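Residue-level listing of the chains:
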Amino acid sequence: SQQGEEDPQALSIQEGENATMNCSYKTSINNLQWYRQNSGRGLVHLILIRSNEREKHSGRLRVTLDTSKKSSSLLITASRAADTASYFCATERVGNTPLVFGKGTRLSVIA
Amino acid sequence: DVKVTQSSRYLVKRTGEKVFLECVQDMDHENMFWYRQDPGLGLRLIYFSYDVKMKEKGDIPEGYSVSREKKERFSLILESASTNQTSMYLCASMRDSSSSYEQYFGPGTRLTVT
Numbered sequence: 001s002q003q004g005e006e007d008p009q010a011l012s013i014q015e016g017e018n019a020t021m022n023c024s025y026k027t028s029i030n031n032l033q034w035y036r037q038n039s040g041r042g043l044v045h046l047i048l049i050r051s052n053e054r055e056k057h058s059g060r061l062r063v064t065l066d067t068s069k070k071s072s073s074l075l076i077t078a079s080r081a082a083d084t085a086s087y088f089c090a091t092e093r094v095g096n097t098p099l100v101f102g103k104g105t106r107l108s109v110i111a
Numbered sequence: 001d002v003k004v005t006q007s008s009r010y011l012v013k014r015t016g017e018k019v020f021l022e023c024v025q026d027m028d029h030e031n032m033f034w035y036r037q038d039p040g041l042g043l044r045l046i047y048f049s050y051d052v053k054m055k056e057k058g059d060i061p062e063g064y065s066v067s068r069e070k071k072e073r074f075s076l077i078l079e080s081a082s083t084n085q086t087s088m089y090l091c092a093s094m095r096d097s098s099s100s101y102e103q104y105f106g107p108g109t110r111l112t113v114t
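Order-wise, the sequence lines are chains A and B.
Residues 1 to 111 in this note's numbering are what the first sequence lists, from first letter to last.
Residues 1 to 114 in this note's numbering are what the second sequence lists, from first letter to last.
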């Protein structure tokens, strides 16, 4: 059962530009997480935002969460070629159930 | 640093073979997970385990079984491999389910069934 849906499916930007990815979900959550996956590799956790938080920063990453709209956004500022990867949101639903991952956004940063 | 290892990066098996995918984590995590990842479908949960000898079905358990005899090891078993099980298989571990924690992933096993 897919909970999160990322938008856009693919994004191509120039190095130095900002990249914004969005995630929408359907049911109440405990937290929302963002992961990155380089081609053919496992996922790497980027950031976790709890349901009572609205915004969180980590380096060049900024995540927002709007529980009333059931949506989140991931902003990568001053993108680099090394940011090229797929980005997934994952939600932990209320009730202590496993994370549910979206289908991901493929980000290409062109040098 | 947490390390999650998977027994093979690439595996080619024939239809009908029994396939074992092994996953080991070194951080004494309680929870372990098996996912498959297919283009356009994202990650789908096959099975997970909250403790040794415990297992729970995920969203797509059909055709798979699991074994967790030791805390650090979680095995995925394809009893009789079929071509529709050709996929990338990802194992993950997590500290426990009592609070909000992230999952740590292995590098993945790309399985091809011919």
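One or more hints might be untrue.
[Said to hold, decoys possible] Here are some, though not all, of the chain A residues that point toward chain B, as calculated from beta-carbon distances under 10 Å:
1) Asp7
2) Pro8
3) Asn30
4) Gln37
5) Gly40
6) Gly42
7) Ile47
8) Leu61
9) Ser68
10) Ala81
11) Ala85
12) Phe88
13) Ala90
Hints listed in this document are in silico derivations from the structure and should not be mistaken for laboratory results.
Note that the coordinates shown come from a computational prediction; the quantities given were computed from them, not determined experimentally.
Even glycine gets a Cβ: it sits at the ideal position worked out from N, Cα and C.
Quick rundown of the hints versus the structure:
no.	hint	in the structure
1	Asp7	13 Å, violated
2	Pro8	14 Å, violated
3	Asn30	6 Å, holds
4	Gln37	8 Å, holds
5	Gly40	7 Å, holds
6	Gly42	4 Å, holds
7	Ile47	9 Å, holds
8	Leu61	14 Å, violated
9	Ser68	20 Å, violated
10	Ala81	22 Å, violated
11	Ala85	13 Å, violated
12	Phe88	7 Å, holds
13	Ala90	8 Å, holds
Consistency with the previously given hints fails for numbers 1, 2, 8, 9, 10, 11, ordered from lowest to highest.
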